[in-house]
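Each chain, written out:
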Amino acid sequence: MVDLSQYLPILIFLAIALGLSAAFVFLPMGVARLTGAHNPDAEKLSEYECGFPAFEDPRSQFDVRFYLVAILFIIFDLEAAFLFPWAVSLDVTGWPGWITMMVFLGELVIGFAYAWKKGALEWE
Amino acid sequence: MTSYFQSLGLTYEWSWFIATIAGILLIALPLMLAVAMIIYVDRKIWAAMALRKGPNVVGPFGLLQSFADGLKVFLQETIIPSASNKGLFLIAPIITFTVALMAWAVIPFNSGAVLADINVGLLYILAVSSLGVYGVVISGWASNSKYPFFSAMRAAAQMISYEVSIGFILICVVLWSGTFNLNGIVEAQQGHGLGIVNGYFFNLLLFPMWVMFLISSLAETARAPFDLTEAESELVAGYQTEYSSMAFALFWLGEYANVLLMCTLNAVLFFGGWLPPLDIPVLYLIPGWLWLFAKIFFFFFVFSWVKATVPRYRYDQLMRLGWKIFLPMSLLFVVLVSGWLMVTRYGA
Amino acid sequence: MIQVLAFYLFAALTIASATLVIMARNPVHSVLWLIVAFFNAAGLMVLVGAEFIAMLLVIVYVGAVAVLFLFVVMMLDIDFAELRAGFVKNFPLGMLIAVVLAAELVLGIGAYRAGSLELGTPDGSAAPLLGKSNIESIGALLYTKYLFLFESAGIILLVAMIGAIVLTHRERKGTRPQIISKQVRRRPEDATVNVKPEVGQGVQL
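Listed in order, the protein sequences are those of chains V, H and B.
Going from the first sequence to the numbering used here is simple: count from 1 and add 3.
Going from the second sequence to the numbering used here is simple: count from 1 and add 665.
Going from the third sequence to the numbering used here is simple: count from 1 and add 98.
Honestly, I wouldn't trust all of these hints.
What the hints assert, rightly or not - Straight-line C-alpha distance at most 25 Å; calculated SDA-like pairs for lysine to any residue:
(1) V:121 - B:209
(2) H:751 - H:815
(3) H:989 - H:879
(4) H:989 - B:298
(5) H:751 - V:22
(6) H:751 - V:101
(7) H:718 - H:742
Keep in mind the hints are simulated off the structure, nothing from the lab.
Keep in mind the model is a prediction, meaning the values are calculated, not measured.
Chain V with its partners taken away, still in its complex shape (with noise of 0.2 Å):
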């Protein structure tokens, strides 16, 4: 069974560290008010870009091989995955779990290789 008395403190640390950086973030807009440093304007507030006013919506329509790079990123992430409790369980598992892995790595090794072949993994 799961020692679920571990799992608190993480839960009050979450908490503490939440409060912490939220006070780290909104103290100072406070102080800026007392001490007068709070004084924005009109040019202050607006983006930076080297001095110009903003040319065009800085959220423009990015590279496809981004989306590309995060769905690689979810396979793999997921093969590791299902590596994790078989790391730990081999000794339960023997030679027959080891070799299952391998025709596991070897179907995402095919993949991997077909990713390769086709340029999906260059930046030029």
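On the provided structure of chain V, position chains H and B as indicated by the hints.
Chains H and B alone, transformed into the frame defined by chain V:
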């Protein structure tokens, strides 16, 4: 620590609670102090390698430089660009810093000295560090400005690319130690090399994994030579361009906390964590956390050294290294390590 | 006591953030609420003792799948007005699916309540552990008993990878990628010549 508070006459629940809070503060506050000092150390090392003096005005040897910077930043005005998504703009640094703190919950500082001794400690670290992408991506998007956005996209693609090979490297370590618990991993390294060296680096199959892990941790924390997210000559200050005041400082704190975490992981996973380097009884007289801190500091020195000496990668080279070299290599080593263990340990 | 409190905290946050996923006007906010929902679901998983599943939920869904979602909604030019027009058009269909799902839920819970379903032990602690921990037990089952399912998961991943590449990969013309092997093979003799020009003469290349 719980038993100490119990001896003061408190009930078990209360003493547990107080001990936990004290433990959390014992991790979080020294960590922030360490980050402040490590920024100073980084600048000093970097300066020394460039034959400069580095910070030397504030306090003796400039030791208080980081605190002066912190105070300055604290008193600054927080500028929230009018075109930004205000809520997300402020949440992004909070996420970055929170995530950087959270991972420390499972790091063992000494035998048994760990806040949350969970079975899946290594997976927890992997899970928390995979959240680091969000702080960067959200800040880049919420700024609604070109440079932060480009930087965020670069950072996201870079981080996820190297996370893949980090996952496979960790599997090699787990294969050898047979557990995900970080304390268990450290203990499994006792006398690993020839019965006298504590640490997995003294292992022909795991040494290449450590080299790859060190380089991947540089890439994962976007340190030089992989600091393309903040390539100042092309992207101003990267995803932090629009930030000011403590929101900006939180990114720095989070970044350096992550660097320290990666140094710690190098020490814990491959260099025996809180164990002394050699398995000699005399060395165990020095407390374990001192050994761990010495190892962390050593790796931080390596990080600084690399930053001071290695030129920056180009983005295609970075992706090539991650996907075409590290990924197949780490996969191959998963096969080699597991095969070796099957033959020598589990085969019978 | 704390467990019950934590359960209600996580459950309430899961439902609240799931609602906000569909209520948020900005798709980026939707994805971020989805991440919060995943997170709380992971918390629930920890509460039932499935720590490995909880970590996987964060690693795979929050760390990988949601990053892809975020990429897509951040980088596509989405016309929000058009999306909302589609909402009105597809509303009846959506309602129909919702009704079907609700009916399934009612049927399922009803059947379980009637006692005709065997769901096994809901508590992980009651099941015999094959290994020392949660993960080891999963491994011990997955790579022996459920071997076929595991290998077919591998095939599905392979198909997904090839499909993604076929759909998104475009050959680029006119690029000059770096060929490392060619660079490494290049010797000084191929690139440089030693010449000794006479005085008053230029270098003939």
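Verification of the supplied hints:
1. V:121 - B:209: Violated: residue 121 (chain V) and residue 209 (chain B) sit about 51 Å apart, past 25 Å.
2. H:751 - H:815: Holds, at roughly 19 Å.
3. H:989 - H:879: With Cα atoms ~17 Å apart, residue 989 (chain H) and residue 879 (chain H) stay inside 25 Å; holds.
4. H:989 - B:298: Given pair residue 989 (chain H), residue 298 (chain B) is violated - Cα atoms ~52 Å apart, limit 25 Å.
5. H:751 - V:22: The given pair, whose Cα atoms are some 19 Å apart, holds under the 25 Å limit.
6. H:751 - V:101: violated (51 Å)
7. H:718 - H:742: Outside the cut-off at roughly 31 Å; violated.
Violated hints, in rising order: 1, 4, 6, 7; the structure is consistent with all others.
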